[in-house]
Every structure is written in structure tokens, then in C-alpha cells.
Amino acid sequence: MGKSKKETPDLNASSTADIAFLLLVFFLVSTTMNSDTGLARMLPPLDPNQNNSDSPIIKERNIFKVQLNYQNQLLVEDEWMENVDMLRAKAKEFIANPMDLPTLPEKQEKEVEFFGTVRVSKGVISLQNDRGSQYQAYLKVQNELQAAYNELRNELAKVKFGQEFDKCTEEQQKAIKEIYPQKISEAEPKNYKK
Amino acid sequence: MAVIRKSSKGGNQKLNTSSLPDIVFMLLFFFMVSTSMKEVTMIVSVTLPKASEVTKIENKSLVSYIYVGEPMQKKKFGSEPRIQLNDSFATVDEIGNYILQERENMKESDRPKMTVSLKADAKIQMGTITDIKQALRKAQALKITYASTRDVKM
Numbered sequence: 337m338g339k340s341k342k343e344t345p346d347l348n349a350s351s352t353a354d355i356a357f358l359l360l361v362f363f364l365v366s367t368t369m370n371s372d373t374g375l376a377r378m379l380p381p382l383d384p385n386q387n388n389s390d391s392p393i394i395k396e397r398n399i400f401k402v403q404l405n406y407q408n409q410l411l412v413e414d415e416w417m418e419n420v421d422m423l424r425a426k427a428k429e430f431i432a433n434p435m436d437l438p439t440l441p442e443k444q445e446k447e448v449e450f451f452g453t454v455r456v457s458k459g460v461i462s463l464q465n466d467r468g469s470q471y472q473a474y475l476k477v478q479n480e481l482q483a484a485y486n487e488l489r490n491e492l493a494k495v496k497f498g499q500e501f502d503k504c505t506e507e508q509q510k511a512i513k514e515i516y517p518q519k520i521s522e523a524e525p526k527n528y529k530k
Numbered sequence: 004m005a006v007i008r009k010s011s012k013g014g015n016q017k018l019n020t021s022s023l024p025d026i027v028f029m030l031l032f033f034f035m036v037s038t039s040m041k042e043v044t045m046i047v048s049v050t051l052p053k054a055s056e057v058t059k060i061e062n063k064s065l066v067s068y069i070y071v072g073e074p075m076q077k078k079k080f081g082s083e084p085r086i087q088l089n090d091s092f093a094t095v096d097e098i099g100n101y102i103l104q105e106r107e108n109m110k111e112s113d114r115p116k117m118t119v120s121l122k123a124d125a126k127i128q129m130g131t132i133t134d135i136k137q138a139l140r141k142a143q144a145l146k147i148t149y150a151s152t153r154d155v156k157m
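As given, the protein sequences belong to chains A and B, one line each in that order. All you need for the numbering used here is the position in the first sequence, starting with 1, plus 336. All you need for the numbering used here is the position in the second sequence, starting with 1, plus 3.
Derived from the structure by calculation, the hints contain no laboratory data. Accuracy of the hints is not assured; some may be wrong.
[Said to hold, decoys possible] If you only want the chain A side, here are some residues facing chain B, beta carbon under 10 Å, derived: (1) 349; (2) 350; (3) 354; (4) 357; (5) 366; (6) 469; (7) 475; (8) 476; (9) 486; (10) 488; (11) 491; (12) 492.
[To be verified] With a cut-off of at most 30 Å between alpha-carbon atoms, the simulated BS3-like pairs for lysine-lysine come out as follows: (13) A:342 <-> A:426; (14) B:79 <-> A:519; (15) A:519 <-> B:78; (16) B:59 <-> A:494; (17) A:513 <-> B:116; (18) A:446 <-> B:146; (19) A:395 <-> B:141; (20) A:458 <-> B:141; (21) A:428 <-> B:110; (22) A:401 <-> B:77.
Note that the coordinates shown come from a computational prediction; the quantities given were computed from them, not determined experimentally. Quick reminder that beta carbons are idealized off the backbone N, C-alpha and C, glycines included.
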């Protein structure tokens, strides 16, 4: 009688924790948490019957020419630029054209949600690079151009919505993107120097 | 009072650790689910360039990768920058097929959202990148990302 009342012997589970810890450490070490980050871009579609002659003609004042040569030197609007950091300010001035200067891009009136009628710049940034330029240098230029757009969008978001662009709602972001559309054209490759 | 004195007399009490394995297993499952194993074994060495304005790629299942860099085994394959697709070296001409294949493997609804992440070494020359870009344009894979690490100081 007394025997049947005895408890069933417990399995010693004290080592389960150790085993689980071991597995945990293995996963912690072997997996990489690195999230993919990068600069997102849209490539222009390839037109099969494209000739250079019938590519759309854009007025000189609407183009912001950025060229990078094989020595990673920068030519912006046909002027040497010693330091890449200066590109951001120049690009911002081009995109926004706050003084409506005749040398900077034209503007077109457009209906935008939240803002009403806004004059949107027609400017296009054209980026050309040599085959010999370094990838890091190229990406730095891309980064500065992106930064110019981001800063302008942020400024506008702060003035209009009182918060940063990233924190705005989707509709607000869309409206701002319409006012400052990202137009970076990566020109057809050219061989300047092999 | 009496009760407390009695129990303290019987040696130090043991902490109940029976729920410890459960907690650890929970952590374990979290890590197993949230992390992804490395997709490919790298045969080219890639040091990503730095940029400050990077954005995160939201959905990893929509991304195909192209690696560019110097081969890891320089004695065997030389130091000329090479393209890596999946687990092997490739030429620029093979990119078209690779993109087609990756697109086939995707859900039909996801195909227009396909992104190509270009993981290229910071030191390589733009010529290779330009060729790849042209190949991608031919393959109609227009959404690309220049993979780069975040560097706030820039």
C-alpha cells in the first residue's frame, strides 16, 4: 500500500538549461544580425531602339552635370571641385533654386496634396563616371546627392509638418517626394580613357 | 516568527530553477527565427564602401545579391576583380540568366518588387560596375541598391 503511494522518480532536468545555453550560444555566434543597408537607385530602362540623337533634349539650365574621372577628380557644372563635401550644398541650391535664378532650373506649377499649387523644379542631376574611377569615390558622390535630397525633404517636412521626413505619414512623404522628386540620371557609359 | 526561524534553521534555501530551461529555450527560438543563416560562402573578398544616407532593405526575400571583389584565393585565381553569383565565379554575360532564375523563384506578385543588391568592394574600379549595370538594365532588373555600411561621420 505504502509503496504504490510513492512518487515516480523525477528525471534530473538540471542539465537541460546547460544544453539550451549551449545551443543558444551556438546560434548567437554563427548567425549574423547584419541588416542590409545601402543606397537605393532606379536604373533607367534600356530602350532597344535608342539612338543618341532622339534622346530627350533637356535644356542646359535644367541639368546639373557631375563628372568623375579616372583619378577620382570631380567636375561639377564644368568646374573643378576639390572637395566632395562641397557638392551637397551646390546640389541643394540647384534642386531648390530658391532665388529663381535664370541659370538654375525652371519650375513647373503642380498640384500637390497638403501644399496646393507648388512650383516644382524641372532639374535633373546627371552623373557620369569613368570606367577607371573608384567605386568608393563614386558612391561618395551618390551619397552626397542623396544627402542633398534628404536634407531638402527634411527641411520642408519640418516647416510644413513640424517633424522629420522619416516620421511623417505615408501621404505626407508622398507629397514631399512630389515636390522634390529624386532625379538622378546615370548617363550611358562612355569611354573617356581605357 | 516561529515559522521563519524554523525554515532558516534547515540550511540555505534553493532557488527554483525549473523554469530556467524554458526561458533559455524561448531565447533560443527567438534567435533561430529572427536570424538568417549566411546565404552563400564568399569566394570574393568584399569590403563594403561607406555612406551616410543609407536606407534599410525591408524585405530580404525580394533581394538578389551580386558580389564583386578580388578573389579570396589570390594565388589560384589572381587578383583581378571577379563577379560572384550564388557560390561560383561568373562573367557579366551570366548575370542576365541569374536574374531570370531568381525571378522565376519568386512569387509572381513579388516579381515587380525585385531588388538587386550590389555588394561590391570599395576599391574596385567603376568599369565592372558599369558593365553589371548595363547587364541589369538588359535583364529589366532596374531596382538596385549599392550596398554600403552606415557611417555617420561622412
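Hints and how they fare:
Below 10 Å, beta-carbon pairs count as interface contacts, and residue 349 of chain A has one with chain B at about 7 Å; its hint therefore holds. The restraint placing residue 350 of chain A at the interface with chain B holds, with a minimum CB-CB distance near 7 Å, inside the 10 Å limit. Because the closest C-beta pair between residue 354 of chain A and chain B is about 9 Å apart, less than 10 Å, the hint holds. Taking 10 Å as the C-beta cut-off, the interface hint given for residue 357 of chain A holds, the closest approach to chain B being about 6 Å.
Satisfaction of the interface hint for residue 366 of chain A is found here, the shortest Cβ-Cβ separation to chain B being roughly 8 Å, below the 10 Å cut-off. Against a cut-off of 10 Å between C-beta atoms, the interface hint on residue 469 of chain A holds, since the closest Cβ of chain B lies about 5 Å away. Contact between residue 475 of chain A and chain B, as hinted, is supported at the beta carbon level, the nearest pair being about 5 Å apart and thus within 10 Å. Against a cut-off of 10 Å between C-beta atoms, the interface hint on residue 476 of chain A holds, since the closest Cβ of chain B lies about 7 Å away.
The beta carbon of residue 486 of chain A comes within 6 Å of a beta carbon in chain B, closer than 10 Å, and the hint placing it at the interface holds. This hint is violated: residue 488 of chain A has a C-beta 12 Å from the nearest C-beta of chain B, more than the 10 Å allowed. With a least beta-carbon distance of about 15 Å to chain B, the hint placing residue 491 of chain A at the interface is violated under the 10 Å criterion. Because the smallest distance between the Cβ of residue 492 of chain A and any Cβ of chain B comes to about 17 Å, over 10 Å, the interface hint for this residue is violated.
Using a Cα cut-off of 30 Å, the hinted pair residue 342 of chain A and residue 426 of chain A is violated, with the two alpha carbons roughly 86 Å apart. A C-alpha spacing of about 43 Å is found between residue 79 of chain B and residue 519 of chain A, which places the hinted pair above 30 Å, so the restraint is violated. At roughly 44 Å between alpha-carbon atoms, residue 519 of chain A and residue 78 of chain B are farther apart than 30 Å, so this suggested pair is violated. With a C-alpha separation of about 23 Å, the suggested pairing of residue 59 of chain B with residue 494 of chain A holds against the 30 Å cut-off.
Our distance criterion of 30 Å between C-alpha atoms is met by residue 513 of chain A and residue 116 of chain B, whose separation comes to about 19 Å. Taken as a hint, the residue 446 of chain A and residue 146 of chain B pair is honoured in the structure, with Cα atoms around 27 Å apart against an allowance of 30 Å. Between residue 395 of chain A and residue 141 of chain B the CA atoms are separated by roughly 28 Å; this keeps the pair inside 30 Å, and the hint holds. Between the alpha carbons of residue 458 of chain A and residue 141 of chain B the distance comes to roughly 28 Å, so the proposed pair stays at or under 30 Å and holds.
Restraint check for residue 428 of chain A and residue 110 of chain B: not satisfied, since their Cα atoms lie roughly 40 Å apart, outside the 30 Å limit. Note on residue 401 of chain A and residue 77 of chain B: the hinted pairing is violated, with a Cα-Cα distance of about 39 Å set against a maximum of 30 Å.
Taken one by one, the earlier hints fail for this structure at numbers 10, 11, 12, 13, 14, 15, 21 and 22, listed in ascending order.
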